[in-house]
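K.L.:
Chains as they are written, first to last, in this note's numbering: chain G, 506 to 842; chain V, 201 to 550; chain Y, 44 to 326.
Only true hints are included.
Under the rule of at most 25 Å between Cα atoms (straight-line distance), these lysine to aspartate or glutamate pairs were calculated in the DMTMM-like manner: (1) V/Lys222 x G/Glu739; (2) V/Lys336 x G/Glu751; (3) V/Lys222 x G/Glu737; (4) V/Lys230 x G/Asp632.
The set of hints was computed from the structure by calculation and includes no laboratory data.
This one's a predicted model, so the numbers in the text were calculated from it and none came from an experiment.
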Amino acid sequence: MLNYIVRRSIAMPFILLGIVTMAFLLTAITKGDPLTAVVSEQQLNNPEIVAAARQRWGLDRPLPERYLIYVGNLLKGDMGTSFVTRRPVTTDLMARLPATFELVISAMIIGSVIGIVFGLLAAYYRDTAIDQGARIFSLFGSSVPIFWLGLALLFLFSVKYQILPGPGRIDPRMSPPPVVTGFMTIDTLLAGNFTAFKDALSHLILPSIVLGWTVAGTISRLVRANMLEVMEREFILTARAKGAGELRVVLRHAFRNILVPVLTVISYSFAYLITGAVLTEAVFAWPGMGSYAVTAARSLDFPAIIGVTIVGGVMFLITNLLTDIAYVLANPRVRLN
Amino acid sequence: MSVAETTGPASAAPLLRIRDLKVGFSSHGKMLPAVRGLDVELSKGEVLGIVGESGSGKSLGMLASLGLQARNAVVTGSVVFKGRELIGRPRREMRALRGSEISMIFQDPLSSLNPVMTVGDQIREALVLHNRSMTKAQATARVLELLQLVAIPQPDRRINQYPHEFSGGMRQRVMIAMAIANNPELLVADEPTTALDVTVQAQIMRMLRDLKEKLGLALILITHDLGVVAGHADRVAVIYAGLVVEEAEVRELFANPRHPYTRGLIASIPKLTASKDKLYSIPGAPPMLGALPEGCAFHPRCSFAQDVCRKVAPPTVELGRHRASCHFAETLPPWGEPARAAQSEEPAHG
Amino acid sequence: MPLSSVQASPTRIRLPQWASPAFVVGGLVVLFWLAATLVPSWIAPYDPLSLAGRRLQPPNATYLLGTDALGRDVFSRTIHGAQHSLPIALLVVASAVLIGSAAGAISGYKGGIIGAAIMRLVDITLSFPPILLAMAVAASLGPGLGNAAIAMVVVWWPVYARLMRAQVLEVREREHVEAAVAAGAGHFRILTKHILPLCWTPILVSATMDLGQVILLAASLSFIGLGATPPTPEWGAMISDGATYFYSWWIAFGPGMAILTAVLGFNFIGDGLRDYFDPRSSK
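Make a model of the complete structure from these sequences and hints.
P.N.:
Structure below.
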């Protein structure tokens, strides 16, 4: 098992290189003039900036050499300078990554909890109104355009009923806490500012529900299907014959047996969450990677777009590796072989 | 063996008395009867064999008695255990009863054990569920003791292993250890040896018998194999299509079967002595759920069947402690087979 | 009890096996949107691009879904939006299926360096979050619905390559293929006559479901501003417009419901197809 993880970790850099290569080719091939991929339109007339960019990216060299320079720059953490913010893309992304993580993790927790609970209920009360309700809920989640759902919920809860705050991470009138982890909820707590913490949390609720909903459906369907299968197995009868209560039978005996597929689907859902986060952040003005990507795409800010894409790919890879490790740990049979 | 002692004078109240137990499944607005009236009794320390083909309702009846029927099943009748009526008892009380006073083991020990829990955890759970105050150390000590009792070598190492690391026979021993963890008074063994190798079957049966003696258990042995019953039961109830068609002490049943179905079953036990004989089997197949023939359910497969059998359900005829549900229970020709109750199932090496 | 009494069940309308209720509902919804694609002016009362009445009116009897900031009828625009959604989705999925299946079939049948190279490309493409890759490609090509479609094909073909490769690897081992090899059939013939015809079912099911997902992705790209551009009545772009006039909720309501129903429709059909082809998968 250790072997397997080591092998996967060795393969990682190669796929990373593939991701980088793909990102390079995207700009190198699609753009007629590679200069337009690293220098914004307004600055194309500025000979100093143009010369500096040529030098930095080796734009007058042949393609293979440019590729090497590109990879070299990346290794130094240089993804170019954003046309829009005029700051290094790496700096921008580092500043925005925690906001996205906070949203995605919170959505993952909400989505998993809702998905698992609904899945368990749907399986236990199969073919009843509860089952049908869970099915409709899940279908809706996977079919609704997330940006529209976000707008609709924002309109309902923030404008119409005024239960929850509007877009953003924290009330703009409130002074944000000093950045420690970059997670607004944690930083406000660390600063001991409980009012700000409550405000940050209430800002997190709506986007997390919107984002979590999209994966809750998939998770609940999978939990249901697997539970139906497991509840028919004989060891469930054994557990009941032992005198175990239904809650214990469902959670400790049945659910533990489907942990592996559930963990797998939850980490797969990470892909959907990243995708969904892009749009959710755009709707909720959430200052993370997703809204950065959207702004970049709207203003054709290539260094920023490519930077986000690479970081997104890397995040994907790491999650998949973690999934595999979790998979191995959760399954005693795999662990022992 | 101890047939005579255990069935001595009829004791005051039986440990378990099942009367007219019916289990049905509703399907498309119709009721499909699976168990049509189970009547059996069991005294303390007694071994009752319940024999029937698969689908005869033998397991279903016992599961329903313990409140373990499927959700769409409808159960009526009476099951009295130690003077308490179990049918209609609140679920919480049934849970308290299961695994402490009445335990069960099942056919396939691999699928009956939870694959993602260690063997120790599974036995410990049976203990802790019924003794909330038990500490973890106490429970572990008791688990080790139980594993020793069912002759599992190196219990302190085995306790932390998963079911797939055990052999078939070892798994069934684990199931037994789990079942006897709380010193139950009744153990229901549902085809306990069917999924095991022949040599292991004998070991498991010996173990059940030893434990019965040691712990004073009453045992219900559910099986499709009259041979298993012959060597180990005190009394036998033969079930066909959801009804007890014959019940008698084991020697009496083999010496003097009064139901043609029982005769067919006895005739189809493989014989060690006459190995050249072709194995007998009862012609036809048991009726499908909800497609019961009229009259006696067995008549389409019965060589003695007359017109009356096709029209009228047979009465239960009592012949002392022997009862049979057949129109011709008293008039069937004498049974030619020698009584082989005791000698047929003793394994060559024990 | 006679056997027949068990089998008899209450009289009810018997649908063919493939036509589950969900399949029928999905089919009707999709038919509606197909009609909207082909003959939108039969359904929509107003021109989608020109002024129909006072601006920013909430839904009423004349303007079923209200009017937008330029006084255009939202309902008519929503109906016309099908034209900018369904054909693109079909085109994207069809192209992805063709490219992906070809790549997957070659990789699965031939293996070797080419096969491995194709699969590495697939792995790498699939290791990007789909929307980010689509955004990057679309941005590199420049805004516009056509470029967005190309971007979506780039993102989607590897899914089918994987699916097809797995199918081909399995079918290749079957006896009738070995027989064809023994009979001296050429590679092309074996692949096209003996292997591929057996591989289409999962691709078809997956493609139907993906039609819905592509509609969603296309709308997302337009919402971001990388797909359709104003004044095109594309659903995602209309929602983006609605976001600008946030308090006039009805501007986004129509196109949102349009996406939701179209995606649900294709999901229902896909579900029905899967149950029909592989009854075991339904529980």
